[in-house]
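Enquirer: Please arrange chain X on chain U, whose structure you already have, making use of the hints.
Line by line, the protein sequences give chains U and X. First residue of the first sequence? That's 69 in our numbering, and the numbers climb one at a time after it. First residue of the second sequence? That's 69 in our numbering, and the numbers climb one at a time after it.
Among the clues, some could well be false.
Note that the list lumps identical chains together, so a pair holds whenever it fits in one copy or between two copies.
To be verified - Within a straight-line C-alpha distance of at most 27 Å, the following computed DSS-like cross-link-like pairs (lysine-lysine) qualify: (1) K112 <-> K95; (2) K151 <-> K193; (3) K151 <-> K194.
No lab work stands behind these hints, which were simulated from the structure alone.
Next come the chains, spelled out residue by residue.
Protein chains: 2
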Amino acid sequence: MASQEKIVLGVDPGTATTGYGIIAKKKGIETVQAIEYGVIVTQKEFPLSERLYIIYQKINHLIENYHPTEVAVEEIFFNKNSKTAISVGEARGVILLNAAMQSIPVFEYTPLQVKQSVVGYGRAKKEQVIYMVKTILNINEKKLTPDDVADALAVAICHAFQSGTNYTYV
Amino acid sequence: MASQEKIVLGVDPGTATTGYGIIAKKKGIETVQAIEYGVIVTQKEFPLSERLYIIYQKINHLIENYHPTEVAVEEIFFNKNSKTAISVGEARGVILLNAAMQSIPVFEYTPLQVKQSVVGYGRAKKEQVIYMVKTILNINEKKLTPDDVADALAVAICHAFQSGTNYTYV
Chain U
69 MASQEKIVLG VDPGTATTGY GIIAKKKGIE TVQAIEYGVI VTQKEFPLSE RLYIIYQKIN
129 HLIENYHPTE VAVEEIFFNK NSKTAISVGE ARGVILLNAA MQSIPVFEYT PLQVKQSVVG
189 YGRAKKEQVI YMVKTILNIN EKKLTPDDVA DALAVAICHA FQSGTNYTYV
Chain X
69 MASQEKIVLG VDPGTATTGY GIIAKKKGIE TVQAIEYGVI VTQKEFPLSE RLYIIYQKIN
129 HLIENYHPTE VAVEEIFFNK NSKTAISVGE ARGVILLNAA MQSIPVFEYT PLQVKQSVVG
189 YGRAKKEQVI YMVKTILNIN EKKLTPDDVA DALAVAICHA FQSGTNYTYV
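Next comes chain U alone, as it looks inside the complex (with noise of 0.2 Å):
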């Protein structure tokens, strides 16, 4: 019988393209191993309110495929374009509906957070953070393709090595 297992789900939404990473950390053990990842494209053709309609179907899916235990999130802010920041939100509200729903805890992190856990430096830059990313759950594919799944499962990763209270449930 496997340790307790630790699955997170990490999504970076957007209403155009959510990223989502499913990973799998044993208990006492110091690697995580990649289960599922993807985007989900909406098209731009379709009313919003149905495009949030389909990230909630496909996130509700990946939750009953794969059962996460924790689902992790990247602290978001603009300074500017607060267009873009309304779109965001409506993709991050859907995602935290879900999580809500079907009772599973979300833990949000800052970019900072996330580029020191992955790469162990605070400011590294978004190559860095994919190749790391790559490295860690053996990936082999030469494309982590778009940013956002390996933006996904970057902050997966960052949740799966905390431990204690050093992070924030929203």
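Expert: Frame of chain U; chain X shown alone:
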């Protein structure tokens, strides 16, 4: 038998307070009636995901009880404070999802369109909007507080009086 009714659920979303107003308009009759209105308040102490779930459940309850045929929301934009934009977006995403899950179309209006429709003047002040909402719906309560309730009723009125294709489907 009453002639075919349009039952509009207007919503002014926010993670802390979400105003809602349900109004009915009979076909061919140029008046509207308030059916139900109020505000959903969620406590800051709760995790955000659970607050969104509370909003979802209450809106769902309204839909099941009053069977709105259409949902109306105001288009939002912010010049500053993207934190607020994300937060409003999260609640808005839940409302839109809710409507899509129940196959109710969602219509969106700019603040200018709402004021034009309710007050007859696109740059009307908040007090004028509240006054006209009370007059149109024959609501005697001294105050329609918080503003979110009047705003939700205002966008519902705006939509109830639209005809043809003069709106944005979101």
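Enquirer: Each of the hints needs a verdict: does it hold here or not?
Expert: Going down the list of hints, with the structure as the test:
Taking the shortest alpha-carbon separations for K112 and K95, neither the intra-copy value of 42 Å nor the inter-copy value of 33 Å comes in at or below 27 Å. In this assembly of identical chains, the alpha carbons of K151 and K193 lie at most 27 Å apart whether taken from the same copy (25 Å) or from different copies (24 Å). In this homomeric assembly, K151 and K194 come within 27 Å of each other (Cα to Cα) both inside a single copy, at 23 Å, and across copies, at 23 Å.
In summary, the one numbered hint that this structure violates is 1.
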